[in-house]
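S.K.: So the sequences go chain by chain: A and B.
Numbering (this note's numbering) for the first sequence: 1 to 289.
Numbering (this note's numbering) for the second sequence: 1 to 289.
It is possible that some hints are incorrect.
Selected chain A positions facing chain B (Cβ under 10 Å, derived; list incomplete) [unchecked claim]:
#1 123
#2 137
#3 170
#4 176
#5 179
#6 197
#7 211
#8 212
The hints are simulated quantities; they were obtained by calculation from the structure and are not laboratory data.
Using N, Cα and C, we set each Cβ at its ideal position, and we do this for glycine too.
Protein chains: 2
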Amino acid sequence: MARVGFIGLGVMGYPMAGHLARAGHEVTVYNRTPERAGKWCAEHGGRARPNPREAARDQDMVFCCVGNDDDLRAVTTGPQGAFGAMAPGAIFVDHTTASADIARELAAVAAQTGFGFIDAPVSGGEAGAQNGQLTVMAGGNDADFARARPVIDAYARACTLLGTAGAGQLAKMVNQIAIAGLVQGLAEAIHFGKRAGLDMDEVIGVISKGAAQSWQMDNRAATMSEGRFDFGFAVNWMRKDLAICLDEARRNGAHLPVAALVDQFYSQVQDMGGGRWDTSSLIALLEKK
Amino acid sequence: MARVGFIGLGVMGYPMAGHLARAGHEVTVYNRTPERAGKWCAEHGGRARPNPREAARDQDMVFCCVGNDDDLRAVTTGPQGAFGAMAPGAIFVDHTTASADIARELAAVAAQTGFGFIDAPVSGGEAGAQNGQLTVMAGGNDADFARARPVIDAYARACTLLGTAGAGQLAKMVNQIAIAGLVQGLAEAIHFGKRAGLDMDEVIGVISKGAAQSWQMDNRAATMSEGRFDFGFAVNWMRKDLAICLDEARRNGAHLPVAALVDQFYSQVQDMGGGRWDTSSLIALLEKK
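Working from the sequences, and respecting the hints, build out all of it.
M.R.: Here it is, written out as structure tokens:
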């Protein structure tokens, strides 16, 4: 069992840290809102520290799951950031969905000090975090990954090293770009079918057996038809992710015409008051009166 | 066993008519190019007729699978069209992917003469036709469908009545609209991943377990990464189908921004000489130098 720190007890981090505690690791936590850290400690028996640096001190590994690049920079290289207390030989595992740039930057800083850094964004959402069934896409070096993986397994059903620093973030972007076009296509299809007067449950039942099938069709078509979006992965978070994708594409020269367009559609869903709706709410924009 | 006519021995119709013959039905065929009808008869032992009307004469059911609305009108209500010889009580089953408008129009004409009409576009492609594993989306009335279905089963793994005349065509449009956005999203994702220097086989292996999964990802991601498109459902046919979707949307008021955009991308693939490439060739446009 390891001594681990966990920074960021949000919707994802809270249950992930819980799985680490249940797996027998000695967990020290930090959260921006201390009350939530207190609640976590009361539930799981760990210790809370007043800043990331203290949460990282004397740990074998430090995990992190915060909101975006700025939050990540603050809790790592900022004043009282974790990097100021990372021991040589320790490993910092970042589960934030962030840019590949910051992953490479932090990996370089970590290497100078002599500790490891793994970028490890996840997919599987809140349910995956709660059930310990997340998919982890990792970037880093083989030795660090080999040491971190058995610990990560506490909340992951799959954890794969996809390349050097930043590769985890880039793979997560591939995932989000595919989803953007896919969900918009599905939204247009269901919207069209409803306008055409079809029984969409029956139609989806038939076409989900063929070349139009997708996880989104299997898991979201029914709620999209009904106009229910009060669950799942929020539009605000998807916009943050798509901004990272579009920014990276500007650098690597990739063309993302539909991802860029869908990002604009999501901005209109936000204007409708749907920032916290599930990403499948693209259909609400098509059906807006 | 039934006496049946089959009009249109193309890539789809040829094997479909073959399954009817193998199932023991007495099959009479018509094809625009008579040599191909001759070849079919040599192979399956049926009879060929010089025009659709003669192929339809004295049949219990007549099947049809031609290219588009114009072809369909020609072989049904045109001079020497099949409708001129359909017996009262017979059923005409149209497997062409055509407009819902022409389906409703032909169903009305059929009703006047006292025979049945079912619009029954298929999905599953050339492989599905050859293996007898097509998915059939039908529109029409219950009684006609109940009689036609056991015959259709010779080449279908699923055959579902989705509503009155035109409903089969509308369901096929839902299918194609969903695929358009989905394939473009997948193309952008793979294109981005390649530009980012990722090992796309590994990345797809990971993300295909989650919310980005689709039949297209499972069956086309590898060939898209390699730039191979010499198989599958041709861009020229997809453009025909999307034209039908966009035309119907103009009538029913549905908004299809991405389907319309992807249709334009396919027109650019045609300009690249890719009219016969598989629909997954959208990635070739993104990667064009």
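S.K.: All the hints need checking, so say for each whether the structure fits it.
M.R.: Going down the list of hints, with the structure as the test:
A cut of 10 Å between beta carbons decides the hint on residue 123(A): the least distance to chain B is about 5 Å, and the hint holds. The criterion of a C-beta within 10 Å of any C-beta in chain B is met by residue 137(A), whose closest approach is roughly 6 Å, and the hint holds. Interface hint at residue 170(A): satisfied, since its Cβ lies 4 Å from the closest Cβ of chain B, which is below the 10 Å cut-off. With a least beta-carbon distance of about 8 Å to chain B, the hint placing residue 176(A) at the interface is held under the 10 Å criterion.
Annotation: interface hint on residue 179(A) holds; nearest CB of chain B at approximately 5 Å, less than 10 Å. This hint holds: residue 197(A) has a C-beta 8 Å from the nearest C-beta of chain B, less than the 10 Å allowed. Hint status for residue 211(A): holds, given a least beta-carbon distance of 5 Å to chain B, under 10 Å. Among the interface hints, the one on residue 212(A) holds; its C-beta lies about 4 Å from the nearest C-beta in chain B, closer than the 10 Å criterion.
Comparing the model with each earlier hint shows no violations; every hint is respected.
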